[in-house]
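Below, each chain spelled out in residue letters.
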Amino acid sequence: MKCDVAVVGSGLAALVATRTLQRAGRDPVLIWPGLSSLYFLYATVDVLGYANASSAQPVEEPAAGVRQLIAQNPDHPYARAGLAALEDGSSLLLEWLREAGFNWQGTLNRNLLLPTALGTPKPSCLVPTSMVAGDLQRDEPIAFCGFDGYQDFVPELAASNLSGAWNGGGRTVTAVRVSLPGIKPDRLFTSIDLARNFEDATFRREVAGRLRLAVKDSGARLGMPAVLGLTHDTDVHAEFEKECGHPVFEIPTLPPSVLGLRLFDRLRRHVQETGVEMIWAAPAHDAEVANGRCLRIHLKSAGREQPLEARAYVLALEDAVDGAWRAGAHTVRDPFFHQVLAQHATPAERTDESLFAPQPFATVGYPVSDRLQPVDKDGHPLASNVFVAGGGMAGYDPTGIKARGGMAIATGYRAAQEAMAA
Amino acid sequence: MPDTSTGVVVIGGGSTGSGVLRDLTLRGIDAILVEKGDLASGTTGRSHGLLHSGGRYCVNDLAAAIECVQEGRILRRIARTTVEDTGGYFVSVSQEDEAWEPRFVEGCQKAGITCERLSVEEARRREPALSTNVRTVFWIPEDGHLDPFYLVVGNVESARRRGAQVRTYTEVVGFTRTGNRISGVLTRDAVTGEETSIGCQAVINATGAWSGFVARLLDVEVKVVPVKGVMVVLSRRLAHAAINRCHKPGDGDIVVPGLSVAILGTTAVKVPHPEVLPIEWNEVQLLIDEGAKMLDGVTTSRAMRAYAGVRPLYDLGAEAEGREMSRNFAVIDHEERDGVAGFTSIVGGKVTTYRLMAERVTDLVARRLGVTTPCTTAEVPLNDREDEMDQLRHRPAQLGVPKPHGEELALQPLLCECELVRPQDVEPWMHDPAVRTLEDVRRRTRSGMGPCQAAICSYRLAGRLVTDRGVDGRTATRAMADFLETRWRGVRHVFWGSQLRQAQVTAGVHLELFNVDRQLMEPQSPKLAEEGRGGGIPAEVEAVGQP
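Protein chains in written order, with this note's numbering: chain Y, 1 to 422; chain D, 1 to 547.
One or more of the hints may lead you astray.
Computed, partial: chain D to chain Y, Cβ under 10 Å [what the hints assert, rightly or not]:
1. L26
2. R76
3. E275
4. T475
5. D517
Residues of chain D clear of chain Y, computed beta-carbon distances all greater than 10 Å [as the list claims (entries may be wrong)]:
6. R80
7. E116
8. R126
9. Q165
10. Q201
11. D251
12. L356
13. P451
14. R460
SDA-like mimics (lysine to any residue), calculated; alpha carbons at most 25 Å apart, straight line [to be verified]:
15. Y:K184 <-> D:E417
16. D:K293 <-> D:E122
17. D:K270 <-> D:R489
18. Y:K184 <-> D:E101
19. Y:K184 <-> D:Q424
20. D:K223 <-> D:T372
21. Y:K184 <-> D:L411
22. Y:K300 <-> D:P413
23. Y:K242 <-> Y:R212
24. D:K110 <-> D:E417
25. D:K248 <-> D:E98
26. Y:K2 <-> Y:G275
27. Y:K377 <-> D:Q412
28. Y:K300 <-> D:T299
29. Y:K216 <-> D:D468
30. Y:K242 <-> Y:S179
31. Y:K184 <-> D:M430
32. Y:K184 <-> D:Q412
33. D:K248 <-> D:Q70
34. Y:K184 <-> D:E427
35. Y:K300 <-> D:M430
36. Y:K242 <-> Y:V178
37. Y:K300 <-> Y:D4
38. Y:K300 <-> D:R302
39. Y:K2 <-> Y:A421
40. D:K110 <-> D:W100
Simulated from the structure, these hints should not be mistaken for laboratory data. Note that the Cβ used here is the ideal one computed from N, Cα and C, for glycine as well.
The shape of chain D in the complex, shown without the other chains (with noise of 0.2 Å):
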């Protein structure tokens, strides 16, 4: 018998697992998703969050770029509050990006893009900082900006609210069979190391780029090539609209405007897995020297930190490599293919597109178990009800904002100063047995993601530990110093100019006023797991210290 029992088990949590997990309770199907790390940890969370228009894959790759214009469309609509509408201009820089620019406008016509090109004076009367170097602009309306974060979470929440359940830092390890036929799941706590099984009649595999280690545990072949990408964080927006290179999609050709950053993007190298993504010093300064060609004050702005992310590119046998690749995505019915009945893979694609992979393969699974209810997702709003974490962009009105003639400023206190996250942002989550790291709260409430990388708000966090959750001081101030360290590994890439300032600053403080180094070096701290190999700070325990 196994220790609970469900229709589907959905294995991932990024993108398209949340995808997936919101279809099959909308169409009322029994489902549970377990993730082997956090949500939105692996490649969604890691992505440069560009909401493509599908301007970028209009030339070479046309239907991955009308189902971008599509799913473009519904995200508005569903996902109103996780995009932010920024536009985009696709810009020439050289002789070469204006010989594509017959091809790119003939890709957005076919595509059905909206595509106007502007002249270089009103293109930069909009866009002050667009390079000299400019030669010719297009104004493509429907790129964005998407928080991954915010997108994955919004999923999660409305399936939960449908009665779903969600497994963070739950392996799976094995499965059971019946015959022919998949019966079930066992999984493994990352913390406790405890394990579990999970009856289902099917099994939906949204791993990406880790999915050929799930179909390996059936024997069966996945062959998705893990592609990684590098991105750089500046300190500044620098431009209020996406800008991408007219040319050939390359490396080094996004620069994404995220709420008040920029975001460098990015590189292309095959990598043996998809968990060693080492960031180089090459593809760092290649980021910064062709953001620079498109954009003034790249060069000048701070870099605060430098990170890598994981495409989960599907092979289709093809001699194509790496950006050669589709960005199109594949069902794979492993019971047609493999003979392993009750299990389905759903590989390739890119966060734009989650939501139509989700479609795809919970169509097939849920005609094999024979429900005929249709998939509602790209018309049911994902905050079907008055939610806090709708309210995002609407942040800065909340907090309140300093009257020139009032007698106080009505500011509301800040747990974060840098990203404007409230105590009362964070306060659900402290409860939420789910988070189990500081790198949790922060991709649930941007905590830490400001310029100065989580020095302040990681003690104040440490302290919420404390009082809201209960753990120890020792666990609080491990997770603490964890938290720093994963922020640092990203600060050490961008170490130039000003970031030296900030470093010594945290390091001051972290070290000097707080001693924090001598209190790791206590015998009995104990060492929390990596963020992504699960771990962390115990679920909620009855507080202590309180008066």
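Just chain Y, with the same shape it has in the complex (with noise of 0.2 Å):
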């Protein structure tokens, strides 16, 4: 199999990378190694939270705090990409969200302060437009709403933290519960199948109905789990909404995020629909080099080795949940070119004795040029057409300052630009 571009990866990275791809005319395939992190940890595009991993402080403007981080930490994947790329990719996504049918907002120049399904109010740039609502900034009182046997999001562990944290407790957060129609509590029943009853008008009108009745401040606008829609989810908000009476706001619940699912399922879509070629569920490895140059990656399809032949190639493995790299017990390496990516005395080395603290395994990854050409340990291209972008770089770890949709966007626009040129 032979193409322009091959685009490897399930993440964001991964399909910005292919949009800019598509956008300029190539004709990049996209290659799909399986679940990623969108399914689980993706709801909003965050670019800057935190100014570093143990401030406290949000960050109010993104762009101007990614302009500082570059400007302080050179080696970082934001500062490898630049701020153009970031700027660039973004407005390319939203407009990419537009014409897909999705209602997406936010700026670089401002952050959004939204409450998590744990009352914590957290930082993000760009969000869908059902999320909107819950901004912090904004001062209407808050009611979250749950249901009876739901256990994904528990509006009285959100309204009791928030309430502590929310501009010292001066605004008026509250907790109701109702039942759902036809749903019995004593059954199995997850966010997905949730999603899914809300796209029936009838119940949808129903739950708007018990949740009038329940909220008893009419100036409160209510935040509820992100279980409005799957895939017709802009009517399902827009409707629910005026049938509440009351602004309306999501919130991201434990996995499946049906936020990060619409969002995916969006997107690959789209791009598919305008002529994209995607090969699913297929882990690539293996790369053939010959003069400085990849020749060929190996897919690993049903029962079968395929090889596959690009001009240049982007590596956007977003992270460890696609399966970028081998971890043995003391080495880690890459699938492609077989390079030692870190070597540790003990596997704990690689962790911090906190979950919250930052991990030191997260920032395991290609060193990369200028050009996000990944590099062996004297500073070589391993390959001139290949090109890194999300979790594959080195020192990646969006996880504490809270830019992980931000630093997808901007490796994966500037890897796609650098694989034009290539």
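Assemble the dimeric complex from its two separately framed chains, guided by the hints.
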């Protein structure tokens, strides 16, 4: 199999790289190794929530924050990608979302502060419109709404935490719970089941009616688990808001993340419908290199190995979730060039004593050149036509600074640009 | 005047202490059990869960082997639902192992252990994962898996139904005496620091590896040698039966099937203190390497976590060290030995023989109290009533099974999908004041013990703390974080392969979707005590935030 540019990955970096190539009139092939963090960890596009992993003070202007981060830390993936890649990549994504029928909002100049399912305020930059009314920089009271038997969003927990954290507890935060029509609390149901139910107008009206009775404060906005529709969420949210008579905002729940699922599903469908070939469930590995260029990589498709020849490659394996690395007890290798990316005397060395601190393992990845090519120990590119985006890069740890989406966009966009020039 | 009075105070909430408590109440003696942490949070809950047939001890420690044979049979009668009759194999993988075989066979005969030699082909037919290294195989039908948490909870609940009291997170800090006789204990609540006195006629020290510390409060010496053992949990069970190496007992020579997982055990290292149990990489590596000699799949399965427990070996004064020391037990009559009347220690032993240990020490104490009622713990089952807790083994059936041709899946909601824990399994413990941390809930329900190591159920449990127990969000969030951190301490040591993906999902959900790291930075968040040192969630308060 032959193609122009092969993009390997299943996260946002891979999607943005693919779209960038497509918009430039190129002919990318998207190779999807399997479920990515989009299914578990994505809801919003966070560009920079905090200046560093130990700061408690949210960043107000993400673009300015990233500029400062680049100035202070020239090896950071944001610095490697460049601020322009973040800006252009974000515009491309917002335009793409619109074209794909998604309602998203936000600018790089401002973070929203949105309550999580714990009730903790969290800075986010680009968000689905269905989440915007949760911004804690607004003053209206909040009523968190949960459902009988639904364990993945607990309104009482969120209300208790937020009432302590939100401007010193000056605002009103309450919790309500309603039963769901036709859903028996003694039967197993998931967020996805609820999301499908909410696409039904009768179901939705009945729930809205119950919520109107339960929420006493007529001025309150309603914080709901993100289950308002799976494929028709834009309409579902608008209609549900009307039926409730309150502003309604969605809050990401425990996995599966309906918000991440919608995002991935909509974007990959759009890119496929507009002509991009996608190869499903095919982990890629083993790059063949000659004269400094990668000739082909190999795909593990059902029961056999399939070589894929491209003019250039974007390795956008976002993180460990989609299986970027081969980690033995001591040595971490990459699957393409079989480079030793890290050596550890003990596996525990890869981790911090606390789960909530930055993990040394998160920063393992390919050292890259100025053009995002993976390089060897001496700084020479392993292949001049291969480019790295996302969590495959060394030093890539978006967790503590809450920058997962922004870093994926910036590096995905930049790697695609480089792949076109290669 | 003491704050409370009782007949006997039992110190220690492991298998021995809970067995003693039950034995006392079955003889009609009033008793209160005090435990400085949670039930089964010391040695018992950190064992590998092998119900010993005695095969392991039959060459070097015949007396201990014979006790295992007898007690194993009794436990299958009285605690049927805490035991899975897995059976076990003793396998030889080297020439040295083969040289051990005649002694093993002879030992089994002497101890009365049923032992059948199988052809390797037959053994592999039954256990396809047996390694090609395996040269000879013995089938020992009486090896089994014992759920240590259910055993302790079963003993305690049986005693409670007969009027006994149990106080967890309650440490003994002193004694009161009248002359040379103990007249009571002083206790301190590990969370509130509140001190309470309990008047009593006798005290039984069943604190295992901690026995020396309790005895020292009375200026008497009990020499217990704490010996650490490290274990590794694999995410798959690998074998139906327990797999033992047929050789002189050593490191890494047992693989125990525990419900859906396999536990590789164990190492033996003397430690200076029973709470200093570092997990060393060379121990983890050894367990994997040795396990792989007996079973295929050990190196390729996902290791979920490592943990360390402590054996309470009683120093009989011999030269023996670590494994050479007897796994037998001793009752120390401090009245006779040290002139401290009303104080008795029970030391050494192991979980399999906990009931016999309890019987022996209770015999002595009952006799001193003038009670002649004989011991009945070998006959009366732990759960002598219909009890939800008895249903552990039947849980999958209770949950409902998908009907291939039915209209809908009759599955019940689950709080912990990994371990099939339902909301109603957790609910009663939310109202039990003895439960102070989410680890305590885990010990009683298995919630959080599966492959995701509490990534999902920790949030749901935190929610229940708010809705069912009425604690505030901060306290519930802190409890959730502490639970995840305790799990993380075990996960870190097996951090390779697909474990990395799980860790990333866990960190992503909690740090990115929930922003829990910033919630924990909130200055008002009270830091709860570490596991095993008490602390935790306050007892139930009136529910808030309910509609």
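Going down the list of hints, with the structure as the test:
1. L26: violated, 38 Å
2. R76: violated, 34 Å
3. E275: violated, 17 Å
4. T475: Cβ of T475 (chain D) sits 9 Å from chain Y, so the hint holds.
5. D517: With Cβ-Cβ at 5 Å, under 10 Å, it holds.
6. R80: R80 (chain D) clear of chain Y: closest Cβ-Cβ about 29 Å, beyond 10 Å.
7. E116: holds, 38 Å
8. R126: Since the minimum Cβ distance to chain Y is about 31 Å, R126 (chain D) lies beyond 10 Å and the statement holds.
9. Q165: holds, 32 Å
10. Q201: holds, 46 Å
11. D251: holds, 18 Å
12. L356: The assertion about L356 (chain D) holds, with a minimum of 39 Å to chain Y.
13. P451: At roughly 14 Å from the nearest Cβ of chain Y, P451 (chain D) sits farther out than 10 Å, so the non-interface label holds.
14. R460: violated, 4 Å
15. Y:K184 <-> D:E417: Holds: K184 (chain Y) and E417 (chain D) sit about 18 Å apart, inside 25 Å.
16. D:K293 <-> D:E122: holds, 19 Å
17. D:K270 <-> D:R489: Between K270 (chain D) and R489 (chain D) the Cα gap is close to 21 Å, so the pair holds against 25 Å.
18. Y:K184 <-> D:E101: violated, 59 Å
19. Y:K184 <-> D:Q424: holds, 15 Å
20. D:K223 <-> D:T372: Measuring from Cα to Cα gives roughly 31 Å; hence the hint is violated.
21. Y:K184 <-> D:L411: holds, 11 Å
22. Y:K300 <-> D:P413: violated, 37 Å
23. Y:K242 <-> Y:R212: Between K242 (chain Y) and R212 (chain Y) the Cα gap is close to 11 Å, so the pair holds against 25 Å.
24. D:K110 <-> D:E417: Cα-Cα ~46 Å, so violated.
25. D:K248 <-> D:E98: The given pair, whose Cα atoms are some 11 Å apart, holds under the 25 Å limit.
26. Y:K2 <-> Y:G275: holds, 16 Å
27. Y:K377 <-> D:Q412: The hint is violated at about 54 Å.
28. Y:K300 <-> D:T299: Holds, at roughly 23 Å.
29. Y:K216 <-> D:D468: Measuring from Cα to Cα gives roughly 23 Å; hence the hint holds.
30. Y:K242 <-> Y:S179: holds, 20 Å
31. Y:K184 <-> D:M430: holds, 23 Å
32. Y:K184 <-> D:Q412: Within the cut-off at roughly 10 Å; holds.
33. D:K248 <-> D:Q70: Judged against 25 Å, a Cα distance of about 22 Å means the pair holds.
34. Y:K184 <-> D:E427: holds, 19 Å
35. Y:K300 <-> D:M430: Between K300 (chain Y) and M430 (chain D) the Cα gap is close to 48 Å, so the pair fails against 25 Å, i.e. violated.
36. Y:K242 <-> Y:V178: It holds: about 18 Å lies between the C-alpha atoms, which stays within 25 Å.
37. Y:K300 <-> Y:D4: Satisfied, since the Cα-Cα distance of roughly 20 Å is no more than 25 Å.
38. Y:K300 <-> D:R302: Within the cut-off at roughly 22 Å; holds.
39. Y:K2 <-> Y:A421: holds, 18 Å
40. D:K110 <-> D:W100: holds, 16 Å
Violated hints, listed in ascending order, are 1, 2, 3, 14, 18, 20, 22, 24, 27 and 35; each of the other numbered hints is respected by the structure.
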